[in-house]
Each structure stands twice: as structure tokens, then as C-alpha cells.
Amino acid sequence: MLARVSSEALHGLEGRAVEVEADVVAAAPAFTIVGLPDAAVQESRERVRAAIVNSSYEFPSRRITVNLAPADLRKEGPSFDLPIALAFLLATGQAKRGGDGLAAIGELGLDGGLRPVSGALAVAESVHRRGLRGLLLPRGNAAEAALVSGLEVYPVDSLRAAVAVVEAGGGERAQPVAAADLVAGNGCGDADMADILGQEQAKRALEVAAAGAHNVLMIGPPGSGKTMLARRLPTILPPLAVQEAIDVTRVYSVAGLLPPGVALVAGRPFRAPHHTISSAGLVGGGGTPRPGEVSLAHLGVLFLDEFPEFRLAALEGLRQPLEDGEVTISRALSSVTYPARIMLVAAMNPCPCGFLGDREQECRCPSHRVAQYVAKLSGPLIDRIDLRIDVPRVAARERRAPHEGEPSASVRERVAGARARQVRRLAGSGAYANAHMSARQVRRQCVLDRDAVSLLDRAYERLRLSARGCDRVVKVAQTIADLEGAATIAVAHVAESLSYRARGIERR
Amino acid sequence: MAGDTRARTPTAAERRARCLWLAQLASYRSGVIARLVDVLGSIEAAVSCAEADIRRALTVSRRGKLGVRGESGGDEDGHQPRLALEEEVAPRRRHENKRGRGRDAAPVERMTDEAEFAALLAAGDQAIDEDKLSASVVTWCDELYPPALRGLYDPPPALFVGGCCAPASLAILHERPVVAVVGSRSPSPYGAEMTAALARDLARAGAIVVSGMALGLDATAHAAAVAEAEGVLTPATVGVLGCGVDVVYPRSNEWLFAAVRRCGLLVSEFWFGVPARAWRFPARNRVIAGLAAAVVIVEGSERSGSLITADYALEIGRDVFAVPGEAGRRLSAGPHKLLRQGAALCESAGDVLTALGVGTLGRQIGAAPNAAAPTRTGLLAGAAGRVAEAIVAELDGAERTIDELAARTGSPSAEVAAVVSALEVEGIVSVGAGRCRLRRGSSP
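Chains A and B, in that order, give the protein sequences.
Read in order, the letters of the first sequence correspond to residues 1 to 508 in this note's numbering.
Read in order, the letters of the second sequence correspond to residues 1 to 444 in this note's numbering.
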């Protein structure tokens with residue numbers, strides 16, 4: 001007898017329709033799975049057999065063939081356990097189909113219990129697009145799937161419960177979740193800019209960076225607060241829009257990083273990979289492509305501490321995502337695209353020991369080591385970093401100062417206002433923030449008043465700016481003007497922007 | 001043949017050839033000249049004595065060799081500086097270890113020098129084709145030989161000269177005041193700024209700035225003097241090398257070598273192509289001290305190579321100046337030690353020039369930062385102009401971060417950052433490692 005159950009395979013961040021067919025015939029006992037299954041899918045035979053027996057169903061001595069169609073799509077992971085088991089039970093007549101239009105995913109335990117799988121949100125969206133009515137899935141995945149409005153989500157705990165839903169053609173449904181309700185807060189926990197004592201200039205620079213989505217490089221001795229500052233950058237970014245939050249959640253879900261029972265990643269992501277990370281870990285990849293840190297930081301902040309210590313190959317891989325806002329990973333059979341619209345925050349010491357230029361502690365690095373360290377900064381990646389800030393250590397008397405810094409919420413308001421102005425000005429150009437303006441757009445869209453032009457010209461001469469450096473100064477000045485709500489870029493904006501330019505840190 | 005030489009007074013050509021031979025020998029073993037002076041009495045004697053006497057003087061005892069000299073310690077020149085060796089040699093050895101040449105790379109390199117030395121000693125002084133060299137060499141017997149150098153206990157027998165105006169322009173060392181400015185290879189911004197201002201003002205007043213072409217303050221001093229002399233035909237700076245005059249060391253200073261060749265002189269006592277080795281740097285320091293009428297030490301640790309230059313200078317009676325630094329810092333230790341021992345205080349080029357009895361040639365030197373000027377750009381005109389004035393006042397004599405300036409002037413950080421940038425464009429303030437400071441002598 002033949003039975004068919006709908007399921008989904010993950011391809012990048014999308015679900016692809018898969019039909020699970022089971023055929024049971026009276027022949028020499030065997031259990032085979034065909035249709036380009038990978039190792040985890042092959043192993044599902046053992047899990048399915050044990051789960052069926054332990055759920056008090058019968059596993060007959062027949063020839064059982066399971067086909068995952070279409071046969072040319074690679075199937076990965078354990079999420080086919082549940083549809084295979086259901087197809088088997090339907091094929092052997094141990095279960096009766098109560099209604100049509102249900103898909104199923106889930107990993108089975110040997111006891112017949114169900115475990116959460118990754119990518120449930122992408123699967124649910126795909127199931128809905130296919131026009132199916134509902135989705136059976138492990139309870140741990142129900143919250144994220146319930147984000148898809150109009151889809152019936154049936155959370156189940158065990159194979160028996162799943163059979164009950166199939167036979168009844170419905171059952172206990174998960175409450176639909178409105179994403180809009182979840183994105184209300186900024187989702188960044190307790191962290192707040194007000195926590196940071198002193199470092200007013202660095203905080204201001206981060207505000208400018210946040211307002212224009214500029215990438216930032218912070219240079220300062222150990223313990224000056226670079227990491228603390230970076231961690232608070234998401235708190236001054238405008239809150240995620242509903243669709244943005246869903247996009248972020250999809251990446252986390254596919255990466256298997258969404259905690260069970262959590263519906264939505266509501267806050268802007270902050271990722272801080274260690275500097276030993278491989279290229280595949282940073283930009284994504286692997287035999288079975290997985291999103292890398294740069295995609296996990298989508299719409300949030302990617303923080304690279306000890307920037308010059310990162311592998312060159314890994315950093316080079318960041319160029320495409322920084323340029324295009326997405327990563328494409330190509331394999332022989334297919335290619336996968338992950339989103340990666342990030343703000344890059346890099347941090348480094350001024351020299352290997354960290355104390356070059358520090359007032360209290362002497363730097364003991366030989367000058368060629370400093371030169372080597374700094375030389376790692378050159379290259380195309382550094383061209384994508386608009387702001388550089390020195391973060392000196394805060395003097396003791398300032399650390400004791402009782403005054404509180406400005407809370408993140410009020411900074412966030414200014415940032416949101418500046419972003420809104422940019423979106424209006426850049427509408428239709430493909431860019432969504434000042435950092436993404438091309439050199440041409442800078443020339444067309446940024447209007448400098450006369451004093452600003454003369455300061456810029458003088459700076460070009462006296463400070464020996466490069467042409468590209470000049471563009472960067474104008475871009476950042478535009479963001480500062482946007483923060484103020486000014487129509488044209490005034491001299492004060494250019495001057496402040498100049499203070500964030502790249503200065504040589506090598507000594508000669 | 002040796003008998004012939006002894007029998008008659010050598011000709012001028014023979015004397016020159018002898019000087020070149022001695023220069024070759026001295027290029028491959030440390031202390032050769034000092035040894036000859038020990039035995040023969042003076043370099044003049046070495047130039048006119050028999051070749052065999054020189055051979056005997058150099059082979060009877062090897063006490064003139066590096067290392068042995070350090071141990072004996074009691075020689076006239078027994079202050080062979082251990083620390084400078086360490087400083088110069090340590091990174092090099094590490095570098096070579098990486099390439100798998102092992103820990104004993106240094107002895108190998110000394111062996112090569114030694115083999116070269118032995119070959120030259122055996123060949124005798126007839127082998128040198130002096131005509132070919134005459135364009136770039138000044139020997140002990142020439143009139144162009146800097147008279148100040150003759151004051152050294154063991155003056156170099158020949159000086160090799162590089163640069164566009166060589167070697168006739170060595171005459172300038174007879175005419176103009178010569179000041180050595182030396183210091184740390186990894187200076188603080190303060191040290192770099194003081195050095196640049198000193199060298200610039202000295203060059204402006206017509207003095208020649210001598211230094212060692214090393215990284216750090218040496219390079220700063222040369223570069224500042226070159227910048228001042230750009231377009232003037234006479235050289236403003238003399239770089240003394242610890243390698244052949246055609247060798248660029250350290251490589252990263254290639255830009256400086258090009259600049260000094262254009263606007264100054266490169267001088268070395270070592271033969272063409274001789275590589276930089278640890279023992280040659282103290283020897284170079286001796287020449288720096290010898291050439292200069294006064295030596296200014298800007299920054300350096302207590303074990304800095306600059307102190308060797310100061311020691312040589314004291315030994316031959318040159319004026320030693322030290323630029324004071326912040327108390328308690330590692331880089332201040334060197335100059336402060338000298339000050340404690342009685343070196344003269346140097347705050348500006350004027351101190352040195354006055355001591356040398358040189359006027360300032362009618363030009364204002366070391367002018368105080370001009371705080372009244374910032375009216376050029378729109379930003380520094382209006383209300384921000386008052387912030388600018390306050391900032392300049394705050395920076396007088398201190399380095400401050402933007403945040404400190406903001407706290408002291410009561411203006412927001414963003415505004416202070418903007419004003420500081422404008423001041424930076426005007427050349428009144430410089431910013432590094434997050435700290436702002438006034439530029440010295442920033443008069444336009």
C-alpha cells in the first residue's frame with residue numbers, strides 16, 4: 001500500500017517542497033530510503049523503527065521503501081523523521097488520514113517523542129506559500145512557526161500525538177503570534193549607553209555611526225572600554241521593523257540558534273566572534289552551507305575585537321557582504337544566499353602590547369612590530385570603514401564622576417530621525433543609509449555650504465586626505481547634518497567629521 | 001718593499017692609498033684604528049709607517065677585537081657599549097632564528113667579517129685603485145677632511161660620502177656650526193615634536209644637523225632639516241651611517257635616504273657595500289660626536305644608544321645638551337641622567353645656538369604657538385572661536401583628550417572635536433592616540 005505525506009527541505013533560508021512517499025509490500029524484509037538523502041536522513045531509519053515500536057505500533061516484516069521526492073534535491077538533517085513515520089503508519093494502515101493539506105516536520109527520539117528542528121520558520125513560510133492548510137511540528141518550534149499568519153500550526157510532543165492530529169484532520173492549535181507585539185522593546189536587555197562613564201567622544205562617534213550605518217574602527221589600549229561601547233551600539237540603533245525581525249529570526253532558526261519556545265528575535269543582533277574564527281565561520285559556508293557570523297549579525301552589529309589578529313582570508317571574505325549586504329555561497333550543485341546587512345565595528349590596540357601613546361604605561365613594542373601590526377589594516381576592507389575613533393583610557397577622576405550619561409533611548413530617537421531623513425533622500429537609489437552612498441551619490445546628493453567647502457579644501461591640502469578619504473569625510477558630515485536635521489552640510493559638520501577620519505597611528 | 005717605504009717619506013698618493021687600506025681594515029673589525037693608535041702613537045704615524053708595522057700591530061694581540069675590548073674595560077675606549085649592541089642585535093637575531101639559521105647566527109657573521117679582514121690584511125695597501133674612489137672619498141690626508149673629526153682618539157682614516165653635492169661640500173662642515181640631534185628609535189609624540197622643532201630651527205639658523213639615519217628621532221631630525229633646506233643648494237643635514245654609504249639600512253627609511261641624498265650628505269667610515277652590524281653603530285656614534293660641535297639628546301631610555309654618543313662627545317670636549325622630558329617616564333631617563341651629570345638644558349634651538357656663539361641669523365626661532373591667529377575658517381570666527389581660544393589655553397603645556405577638553409571648557413564633545421579638527425587643519429593643534437597637543441613653533 002502507498003501513502004504520501006508533505007514535508008519541507010531547507011535550502012539556504014528557504015523551504016522547498018518535499019513529498020515523502022512510503023510503500024509497503026510483502027517481500028523480503030527491508031527498509032530503504034531513496035531520494036538523495038544525506039547521512040542524517042539515512043539514520044532516520046533506525047530512529048523511525050524504534051519510535052514506531054516504542055509508541056506501541058507494529059513494525060511489520062515487509063519490504064518498506066521510502067522515497068523523498070523530488071529525487072534530485074539533496075535532503076539533509078533529521079527533520080524528515082516525523083513525515084517518514086507518518087507515511088509508514090498510513091501505508092501500513094495503522095493510521096487513517098482525517099484531512100488533507102497538512103505538512104509535517106520533526107526529529108523523532110527512540111521513545112517516540114519529538115525534538116525541535118532548525119529552520120521551522122522558513123519551513124512554515126514555504127508551507128503557507130504552497131497553499132497547504134497546516135503544519136505539524138515539535139512543540140519547541142511552534143512559537144516561531146506561529147508567526148506565519150493564516151497557517152494552522154499544530155504543536156505535537158510525540159508520534160502518537162501527531163497521528164491523532166492527522167487522523168482528526170486537526171487538533172490543538174498554537175496561538176497565532178503577532179510579530180508586531182514582540183518587537184515593542186529594543187530587546188537588548190539591560191545594556192544602556194548610560195552605563196558608560198566618560199568616553200563622551202566615543203559615544204558621540206557611535207551615535208553618528210548608528211545614524212548613517214557607518215562602519216567603525218575603535219583604537220585604544222586594553223581596558224579603555226571598546227567592547228563595552230560596541231555592545232551598546234545595538235541599543236541606539238532604531239528598533240527592528242516587524243519584517244526585519246522576522247528576517248533575523250529566519251536566519252537564527254536556520255542556524256539552529258533560536259531557543260525552543262522563542263518566537264522572535266526582537267532585538268538587533270550583536271555578534272562578537274573570537275579572532276581565531278575561520279573564514280567559513282565568519283562569512284558562512286561548509287559542506288552543507290550554514291550562515292556565518294556575518295549573517296547572524298544581519299541588521300545588527302558584527303564586532304571584531306583584536307581586528308588585526310583575524311585571519312586575512314576571513315577578513316577578505318567580509319568584502320562582499322559589506323558591499324552587497326548579502327553573502328552568496330556557491331557549491332558545485334547549487335548556491336545559497338544569506339542576508340548580511342551589518343554594521344561592522346572593529347576594535348584594536350594601537351600596537352601589539354596595547355600601550356602605544358598611553359599616558360600611564362609605556363609601550364615596549366619594537367617599532368617594526370608596530371609597523372607590521374598596523375600594516376594589517378591596509379587593504380580594501382579598511383576602505384569600507386568610515387569612522388575611526390581613538391578610545392583613550394578614562395582618567396580616574398572622570399571614572400569617579402557622579403554624572404550619568406545620556407540614556408540609549410534618547411540617542412535612539414535622534415538616530416531614528418536621521419535614518420528617516422536618509423531614507424527619504426535616498427529613496428529609489430538602492431542605498432538605505434549614508435554609508436551606502438556611492439562616490440557619485442555623494443557628489444550629487446551632499447550639499448555643502450561655502451565655508452564647509454573651504455574647510456574641506458584646506459583639510460585636503462593640509463591634512464593630506466586622499467580623494468576617497470574626502471568622500472568619507474563628506475559622507476559622515478552628511479550623517480552629522482542629518483542628526484541635526486540640517487538641510488545642507490555646514491562647516492561644523494565637516495569639522496566634526498574630520499575628527500573621525502583615519503589618522504596614521506604608526507610612529508616614525 | 002717594506003724597507004723601501006720606511007726608507008723614504010711616502011708620497012701623497014701613497015698616503016691616500018694607505019688611508020683607504022686602513023679604512024678597509026677598519027670596516028671589518030672593530031677597534032682597528034684604536035689599536036693602531038695604541039701601538040703606533042697616532043693615525044698620522046700609521047699613515048706613514050711601514051706596512052709590516054701595521055701588520056704586526058694588528059696581529060700581535062687581538063685585544064682590539066669586539067668582545068675582548070668589552071671585557072678588558074680599562075682601555076681608553078673601553079666604554080664599548082654593551083647595551084647598544086643588545087638593542088641593535090636582538091631583533092635581528094630573532095628574525096634570523098625564524099629562518100632557521102639558529103642562535104649562533106651572530107658568530108657566523110663575525111667570522112665573515114674576520115675572514116674579510118684577514119684577506120685585506122694579507123693583501124696589503126697596494127691593491128686599492130684609488131683613482132676610481134677619489135670622487136666619493138675624503139681621507140685623513142685630504143684638506144677636506146672635517147677638522148673636528150681629527151679630535152677623536154681614533155678618527156676614521158677615510159670618510160665615504162654620498163649625496164648629490166658630495167664630497168666637496170664637506171667643506172661646509174668647516175664653515176657652519178654643526179649640531180648633532182640624536183634620540184630614541186621609538187619616541188613619544190612629544191619627543192618627535194621637540195626634535196622636529198629643534199632640527200628645523202637649527203637648520204633655519206644655518207646650522208648643520210647631524211644624526212644617525214636610524215628610525216625614530218634620528219629620522220625626524222633629518223626630515224625636519226631637509227624640509228627646511230628644500231630648494232636651498234647647500235646641505236642642511238649630514239647622516240652618519242653604520243654601514244656602507246651605498247647601503248640603505250634600515251630599509252623602511254628608504255624615503256629618508258632619498259631625501260638626504262637630495263638635500264644633504266650621507267657619510268660613513270665604512271667601505272662600500274658593508275652591511276649594518278651591531279658593532280658598527282657605536283662606531284658611527286663616535287663619528288657623530290666627532291663631527292658635531294654640540295650634541296643634543298632628546299629622548300632615550302637609561303640604556304639608550306644616544307647616551308653612547310653623549311659619552312663620546314664628553315670625552316672629546318663637545319657640549320652636551322639634553323631636552324628634559326616628563327619625570328618618571330622611561331624615555332626621559334636618558335636625558336635626565338645627563339642633566340644630573342651636568343649636561344646643559346635645551347628647551348629650544350636658541351639654547352644650543354647661544355652656547356655655540358651663533359646668532360639666530362636674524363630670524364625668529366621657536367616662536368610660541370600663535371593662539372590669536374585662528375580666524376581663517378568660518379568655524380573659528382564666531383562663537384566657536386571662543387571655544388577655540390579656550391582649547392588653545394587649556395592645551396598650553398599639557399596634552400588633553402577631547403573629553404577632557406570638553407569637561408574643562410564646558411562645551412559638548414562633538415563641538416570640541418569639530419573645533420579641534422579646525423585647529424588641526426590650521427596647523428595649530430596636532431592629535432595622536434586620542435590626545436591633542438599644541439604644535440610647537442606653529443607660526444605660519
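It is worth saying that the hints were derived from the structure and are not from the lab.
Since this is a predicted model, take the numbers as computed values, not measurements.
Yeah, the Cβ is synthetic: ideal placement off N, Cα and C, and Gly gets one too.
Any given hint could turn out to be false.
Unchecked claim - If the Cβ cut is set under 10 Å, some of the chain B residues that face chain A in the computed set are:
#1 Ser-186
#2 Ala-259
#3 Arg-261
#4 Val-358
Unchecked claim - Which residues of chain A face chain B? A partial, calculated answer using Cβ under 10 Å:
#5 Phe-31
#6 Glu-200
#7 Asp-390
#8 His-493
Comparing the hints with the structure gives:
1. Ser-186: holds (5 Å)
2. Ala-259: With Cβ-Cβ at 13 Å, over 10 Å, it is violated.
3. Arg-261: Violated. Min distance 19 Å.
4. Val-358: It is violated, given that the least Cβ distance between Val-358 of chain B and chain A is near 29 Å, above 10 Å.
5. Phe-31: Phe-31 of chain A check fails; min Cβ-Cβ to chain B is 59 Å, beyond 10 Å.
6. Glu-200: This interface hint holds because 4 Å falls under the 10 Å limit.
7. Asp-390: holds (3 Å)
8. His-493: Since the shortest Cβ distance to chain B is 8 Å, the answer is holds.
The structure fails hints 2, 3, 4 and 5 (numbered hints given earlier, in ascending order).
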